[in-house]
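*Asks:* Build out the structure end to end from the sequences listed, making use of the hints.
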Amino acid sequence: MGSESSIGLRVSRYRPESDPGPGWQEYDVPLRTEWTVLDALNHVKNELDPTLSFRWSCRMGICGSCGMNVDGEPRLTCGTFLVDHAPGPIRVEPLANFHVVRDLVIDMTDFMEKLPRVKPWIIRDEEQSVDDGEYLQTPEELDAYKQFSMCINCMLCYAACPVYGLDPDFIGPAAIALAERYDLDSRDRGARERLDVLIEHEGVWGCTFVGECTRVCPKHVDPAGAIQRYKLKAAKQSVMAVLLPRGAR
Amino acid sequence: MTEVRAYRRTLSTWWWVRKPSYFLFVMRELSSIFVAWFVLYLLVLLSAIGRGEEAYRDVLDLAAHPLVVVVNAVAFAFVVLHTVTWFALTPKAMDARVAGRRVPAAAVMASQYVGLAVVSAFVVWLVTL
Chain A
1 MGSESSIGLR
11 VSRYRPESDP
21 GPGWQEYDVP
31 LRTEWTVLDA
41 LNHVKNELDP
51 TLSFRWSCRM
61 GICGSCGMNV
71 DGEPRLTCGT
81 FLVDHAPGPI
91 RVEPLANFHV
101 VRDLVIDMTD
111 FMEKLPRVKP
121 WIIRDEEQSV
131 DDGEYLQTPE
141 ELDAYKQFSM
151 CINCMLCYAA
161 CPVYGLDPDF
171 IGPAAIALAE
181 RYDLDSRDRG
191 ARERLDVLIE
201 HEGVWGCTFV
211 GECTRVCPKH
221 VDPAGAIQRY
231 KLKAAKQSVM
241 AVLLPRGAR
Chain B
1 MTEVRAYRRT
11 LSTWWWVRKP
21 SYFLFVMREL
31 SSIFVAWFVL
41 YLLVLLSAIG
51 RGEEAYRDVL
61 DLAAHPLVVV
71 VNAVAFAFVV
81 LHTVTWFALT
91 PKAMDARVAG
101 RRVPAAAVMA
111 SQYVGLAVVS
121 AFVVWLVTL
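Going down the list, the protein sequences come from chains A and B.
Per the working numbering: the first sequence = residues 1 to 249.
Per the working numbering: the second sequence = residues 1 to 129.
Be careful, since some hints might not be right.
[As the list claims (entries may be wrong)] Reference excerpt, derived from the structure (chain A facing chain B, CB under 8 Å, subset only): (1) Gly21; (2) Gln25; (3) Val100; (4) Leu166; (5) Ala191; (6) Phe209; (7) Gly225.
[Unchecked claim] Some residues of chain B that are not near chain A, with every Cβ distance over 12 Å (derived): (8) Trp16; (9) Leu24; (10) Leu42; (11) Ser47; (12) Ala77; (13) Thr83; (14) Ala88; (15) Leu89; (16) Met109; (17) Gly115; (18) Trp125.
Read the hints as simulated data drawn from the structure, not as lab findings.
Positions of the beta carbon are idealized from the N, C-alpha and C atoms, including for glycine.
*Replies:* Here it is in structure tokens:
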């Protein structure tokens, strides 16, 4: 153990009961090839400092809980290896653009309020009864939305988005990508209802196509692409509203 | 539910110099001002042509002024940036499909450059006629 090399972790700490604002704390952790930043944080919590707070759950990039800013980039810490950030020190901060509850824990209330606004569930004109059987879908129809259904609500895209940082009212990349996921679903009839929400200024038009959301997305959802497609839909709708008589829309 | 006493962080005025990708984005946004400048420049030139040869010569003299040359050189650089960055973004924004298959990004980008070349060639032919 003595010969094992180590790496520094520079962790943002904030204890609301005593600190006026966030500050830094340094820890030394073993530099092991198979260790991720999350492993290092758990090492700190278990061996060095039990007061450190952070969220995590699955350790395999599917629960979306362990998102943090690592060396300034929004990352899932369970998929970010220490060796890729050697020689360090590695800067670990709570996800950017969100309020900090404690240490590395962010307040996700804002996202949780925005998500249901785009109605991310299947909307039917008429619900068919269970006796009528399931709603069938071809592999092509599944492929149309599958990419957007991979979102794990990790909020890395919100941390990467300067528009959301500057204007917290912007509904944000993941919410719009999820709206697109249901719009593209052949079983869904709710596109019009979602468009009513997203056509507002704080909807798709807030986006200026920075493209960082797509770059940081750990599940390759491509929220930036979804937003631009939505803009096209919204623009078409606006033009049709002017050109066509009410009945034909 | 427990009341959350969260710490509110604010975005620094200099957020856009922190990352190369943010910097490039802000430069791309800024480039629209130079696009507007060239539109204005073209309109002034056209109106001078409409007012006769003397007015046209005056505008050409003004265009040869070192300050205007510098502004135009900077504007041209920004317009190139504008063109290249937006062309690069088009395949990301467009879900172009041919016979059910997604058109590769390189093909979408290439078609834009071909379009630019065709229009440019037409303009060159028009003014050198």
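*Asks:* Now, for every hint given, state plainly whether the structure supports it.
*Replies:* How the hints compare with the structure:
1. Annotation: Gly21/A was flagged as interfacial toward chain B, and the flag holds, the nearest CB pair being 6 Å apart, inside 8 Å.
2. Interface restraint check: Gln25/A against chain B, minimum CB-CB distance 16 Å, threshold 8 Å, status violated.
3. Interface restraint check for Val100/A: the shortest CB-CB distance to chain B comes to about 4 Å, inside 8 Å, so the restraint holds.
4. Of the supplied interface hints, the one on Leu166/A holds, with its beta-carbon coming within about 6 Å of a beta-carbon of chain B, less than 8 Å.
5. Restraint check, Ala191/A versus chain B: the minimum CB separation of about 15 Å is more than 8 Å; hint violated.
6. Residue-level restraint check for Phe209/A holds (minimum Cβ-Cβ distance to chain B is 6 Å; threshold 8 Å).
7. Taking 8 Å as the C-beta contact cut-off toward chain B, the hint placing Gly225/A at the interface holds, the least distance being around 5 Å.
8. With a least CB separation of 7 Å from chain A, Trp16/B falls inside the 12 Å interface cut-off, contrary to its annotation.
9. A Cβ of chain A approaches the Cβ of Leu24/B within 12 Å, the least distance being about 9 Å, so the stated non-interface status is violated.
10. With a least CB separation of 26 Å from chain A, Leu42/B remains clear of the 12 Å interface cut-off, as annotated.
11. Distance check on Ser47/B: its Cβ is at least 31 Å (rounded) from any Cβ of chain A, clearing the 12 Å threshold; non-interface status holds.
12. Remark: the non-interface label on Ala77/B is consistent with the geometry, its nearest Cβ contact in chain A lying 21 Å away (cut-off 12 Å).
13. Non-interface status of Thr83/B relative to chain A is upheld: no Cβ of that chain comes within 12 Å, the nearest being about 15 Å off.
14. Against chain A, the non-interface label of Ala88/B is violated: not every CB pair exceeds 12 Å, the least being about 10 Å.
15. For Leu89/B, the shortest C-beta to C-beta distance to chain A comes to about 6 Å, within the 12 Å cut-off, and the non-interface label is violated.
16. Every Cβ of chain A is farther than 12 Å from the Cβ of Met109/B; the closest lies at roughly 15 Å, confirming the non-interface assignment.
17. Even its closest Cβ contact with chain A, about 19 Å, leaves Gly115/B beyond 12 Å, as expected for a residue assigned away from the interface.
18. At roughly 33 Å, the least C-beta separation between Trp125/B and chain A is larger than 12 Å, which holds for a residue marked as non-interface.
When the structure is compared with the earlier hints, violations turn up for hints 2, 5, 8, 9, 14 and 15 and for no others.
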